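Peer 1: If you want the building blocks of each chain, they are given just below.
There are 2 protein chains.
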Amino acid sequence: MSVSPSLSASLIERFAAIVGTGNALTEPSDTQGFTQEHRDLYHASTPLVLRPGTTQEVAKILKLATETGTAIIPQGGNTGLTGGQVPLADGPPAIILSLTRMNRILDIDAVGGTMTVEAGVVLQTIQEAAEKVGKLFPLSLGAEGSCQIGGNLSTNAGGTAVLAYGNTRQLCLGLEVVLPTGEVWTALRKLKKDNTGYDLRDLFIGAEGTLGVITAAVLKLFPMPAGRQVAIAGMKSPEGALELFRRAEALAGGGLTAFELMARIGVEFTARHIDGVRDPFAEPHGWYALIEISSNLSEEAARDQMEHLLSAALEDGIAEDAVLAQNETQARDFWHMREALSWAQKPEGGSIKHDISVPVAAIPTFLAQAEPLVQEVVPGARIVAFGHLGDGNIHYNISQPVGADREAFLAHWDAVSAKVHALALSFGGSISAEHGIGQMKRDELAAIRAPIEIDLMQRIKAAFDPAGIMNPGKVLRTR
Amino acid sequence: MSVSPSLSASLIERFAAIVGTGNALTEPSDTQGFTQEHRDLYHASTPLVLRPGTTQEVAKILKLATETGTAIIPQGGNTGLTGGQVPLADGPPAIILSLTRMNRILDIDAVGGTMTVEAGVVLQTIQEAAEKVGKLFPLSLGAEGSCQIGGNLSTNAGGTAVLAYGNTRQLCLGLEVVLPTGEVWTALRKLKKDNTGYDLRDLFIGAEGTLGVITAAVLKLFPMPAGRQVAIAGMKSPEGALELFRRAEALAGGGLTAFELMARIGVEFTARHIDGVRDPFAEPHGWYALIEISSNLSEEAARDQMEHLLSAALEDGIAEDAVLAQNETQARDFWHMREALSWAQKPEGGSIKHDISVPVAAIPTFLAQAEPLVQEVVPGARIVAFGHLGDGNIHYNISQPVGADREAFLAHWDAVSAKVHALALSFGGSISAEHGIGQMKRDELAAIRAPIEIDLMQRIKAAFDPAGIMNPGKVLRTR
Chain E
1 MSVSPSLSAS LIERFAAIVG TGNALTEPSD TQGFTQEHRD LYHASTPLVL
51 RPGTTQEVAK ILKLATETGT AIIPQGGNTG LTGGQVPLAD GPPAIILSLT
101 RMNRILDIDA VGGTMTVEAG VVLQTIQEAA EKVGKLFPLS LGAEGSCQIG
151 GNLSTNAGGT AVLAYGNTRQ LCLGLEVVLP TGEVWTALRK LKKDNTGYDL
201 RDLFIGAEGT LGVITAAVLK LFPMPAGRQV AIAGMKSPEG ALELFRRAEA
251 LAGGGLTAFE LMARIGVEFT ARHIDGVRDP FAEPHGWYAL IEISSNLSEE
301 AARDQMEHLL SAALEDGIAE DAVLAQNETQ ARDFWHMREA LSWAQKPEGG
351 SIKHDISVPV AAIPTFLAQA EPLVQEVVPG ARIVAFGHLG DGNIHYNISQ
401 PVGADREAFL AHWDAVSAKV HALALSFGGS ISAEHGIGQM KRDELAAIRA
451 PIEIDLMQRI KAAFDPAGIM NPGKVLRTR
Chain Z
1 MSVSPSLSAS LIERFAAIVG TGNALTEPSD TQGFTQEHRD LYHASTPLVL
51 RPGTTQEVAK ILKLATETGT AIIPQGGNTG LTGGQVPLAD GPPAIILSLT
101 RMNRILDIDA VGGTMTVEAG VVLQTIQEAA EKVGKLFPLS LGAEGSCQIG
151 GNLSTNAGGT AVLAYGNTRQ LCLGLEVVLP TGEVWTALRK LKKDNTGYDL
201 RDLFIGAEGT LGVITAAVLK LFPMPAGRQV AIAGMKSPEG ALELFRRAEA
251 LAGGGLTAFE LMARIGVEFT ARHIDGVRDP FAEPHGWYAL IEISSNLSEE
301 AARDQMEHLL SAALEDGIAE DAVLAQNETQ ARDFWHMREA LSWAQKPEGG
351 SIKHDISVPV AAIPTFLAQA EPLVQEVVPG ARIVAFGHLG DGNIHYNISQ
401 PVGADREAFL AHWDAVSAKV HALALSFGGS ISAEHGIGQM KRDELAAIRA
451 PIEIDLMQRI KAAFDPAGIM NPGKVLRTR
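Going down the list, the sequences are from chains E and Z. Taking the working numbering, the leading residue of the first sequence gets 1, the next gets one more, and so forth. Taking the working numbering, the leading residue of the second sequence gets 1, the next gets one more, and so forth.
Just so you know, these hints were derived from the structure itself, not from any lab. Errors might be hidden in some of the hints.
Because identical chains cannot be distinguished in the list, a pair is counted as satisfied if it fits within a single copy or across any two copies.
[Stated by the list, open to error] DSSO-like, lysine-lysine: derived pairs with alpha carbons at most 27 angstroms apart:
| hint | residue 1 | residue 2 |
| --- | --- | --- |
| 1 | Lys236 | Lys63 |
| 2 | Lys193 | Lys135 |
| 3 | Lys193 | Lys353 |
| 4 | Lys135 | Lys60 |
| 5 | Lys236 | Lys132 |
For clarity, every value in this text was computed on a predicted model and none was experimentally measured.
Chain E extracted, bound-state conformation (with noise of 0.2 angstroms):
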């Protein structure tokens, strides 16, 4: 590791230059607000934000941080899950870089179905954007309101629409990416197919900024259904869930976007905190399934694969109630509880949260066995399971018991992770779907894989980093 162990004012200086002074934060009251993530669960400062304007001061930016050995962190709109955006407590001064103001969309193009755009976009607005032109992005997450899509990018991020549209890598056809030695890689190609050499574009989305910044993307745009039906299914148990879901696969494929589950006590969470929402059903049911058909003919054609499905499903006891939503108020109002529903964990406490994933079939096995091991752990948490299950991944989130030690209950989390972890690696599952590795998963990743898988990731990152500069100690060990 050759990065530097302390930031120089005149250093400090000399990186303000890049971006002038107004968009060089040093102030804690400033920076702040880039340090500090949703969770709340690192504490560390940063000498140095800088916001660029353009792919150029990146490019300076990353030129000199070689050049000097300083620590650089890339952050979009700092939602990430598992503290990759923001410093390490033990590692060196490191600059936050934010994407936010390189926030331009770049082109659209709506007959070839795709859109260029700079790495501080909203999610939102590209959704947006997409749809004033008659198209679909279909990339869909809680946090859409204030993520930014190089984040998205960087984490390969997931959320409710992966079952039909696939994860952000799939969404993406080029990338401008700026290298830690400050060269820039242009390759905002639009190509559906193009076999050209090694895939480098999917090695950069995903890498959590770092092997390089992520600076610009072309994104795919789907044609935007002609009608989309949502529904709320309640039913026993996971395996009812499981069953219903491997129905409506087979009866809509492709226009199947969506199958979620969710635990009882998550939708009491939503109806007790959550504004706007309220329990679907007069009666309790076990499991919770919010489903999304869409088809490119008509509403018609869906609400008929939908009331199909559901009608199917009631005469064959697999769910116990059903409901479609009847307007588009209400789809969202499906949606909104869905989307509240970690956030609905807030005001009950502390909560240890996973982002596991096994095969789809093994779900209902996975919440059967994980549950025993909690308990023994902290009897009286509380499972709060939901989340994709046509990906076969769930967040297997814990509340603590009530009336629980907030700091004591969450001193139980590294003992909670390791044994839902194992339970999910017995199942050939994944410690992180989703939210990636970022500092939290970082040690835990290198003790389950073979050595082998992380020399060769160790390798590729010195190949590209030499310098060390690139988000260091996230994902991977500096070295």
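Since the structure of chain E is provided, determine the placement of chain Z on it from the hints.
Peer 2: Leaving out everything else, chain Z in the frame of chain E:
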């Protein structure tokens, strides 16, 4: 480059001992089937063909190769079109590592939708095994009866189903790879989502055997559509075909499982030379589209969509004529015509072939502008353009003028290619949409890409294969 200038008898013996002498071929009469490829463009011999039966044998071979600086060329079904799988005429002596004996299907999980296979399984065998459990493995291409999945993965093969299902990269969940050092990276994962570190899988996919040897893979299986309809439409122009494609896509969405374009002359060639193919219409048309629509619901639903598409296209004057396959036999005949196009060029003399892609909307303009450029170099050349219009990928093939000398015509390959590729690039296109780089396009790739891009690839190559033994001189120049 540390590759040794010659292969001694004792070294050949050491390699042969790993697989057993019966699986080590040295006689030219035995090795010739591995060095000659379909297009007969490359002519170089090998001192040794090794046919390992296990991953462990592959590992031992690569370890010894790295220790002794011996070049290794991995080979599947030897159907590659850019010379990636055969020796370089000006390269070091290189061992061909044939994966043919590693042809076991290791696991089929119909419920989870995965199949785990060794690299040497023939594509058609995989398709048939999927079908037996009621599933679809969609990868489909002309060579499917002999190409192997390891080669498909290493070249990120495309084919006719990319439109709906993606190329080989999108069809793979996990890999087992033997590294040049002999270490084995085992990542036969079955997860839909897994954000844990750099995307090594997609780096090996499409690397054409230059970073390691893919020995096994987990493939995605899809629901078998309930119904499938195939039709051929005749049109005046590529513009008409593009408009028909847009309508088909809007109507069928992900159910549009193929949209292939064919120039009139290609239809003539197949009717003339291929058994069982006849002109689908009484009158000739300038261009033809083969359209396939699949439905998860029923045969009727697919037929309804196809009939709706075709009748509207006829009414609106977009198609001049159209015919829907009346049964499975006729559907297969239509596909046979499309798949035989490349072969039907053989009896017409020499052909210069291209595999370009451009943004879909640019295809008519590309076709209009390319022809005069070709005619300028070779007056009377016959343009047999066809391919995956929906992917923006055209096989811009050129048959020699009637009565011309084959060799004299082929001598124009580079001059013609330079013009065709420059035109594709002017649309932001690719010089190799699905066939890869191999030896054929290596220097051209280096010439058209920014130095930083080639340099990044070289850094990866050096990091993974420091001894430079893996398929040296393919994709990238050795350095």
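Peer 1: Work down the list of hints and note, for each, if the structure agrees.
Peer 2: Against the structure, the hints come out as follows:
no.	hint	result
1	Lys236 - Lys63	neither (58 angstroms within a copy, 55 angstroms between copies)
2	Lys193 - Lys135	both (21 angstroms within a copy, 25 angstroms between copies)
3	Lys193 - Lys353	between (38 angstroms within a copy, 17 angstroms between copies)
4	Lys135 - Lys60	neither (36 angstroms within a copy, 52 angstroms between copies)
5	Lys236 - Lys132	neither (41 angstroms within a copy, 34 angstroms between copies)
Violated hints, listed in ascending order, are 1, 4, 5; each of the other numbered hints is respected by the structure.
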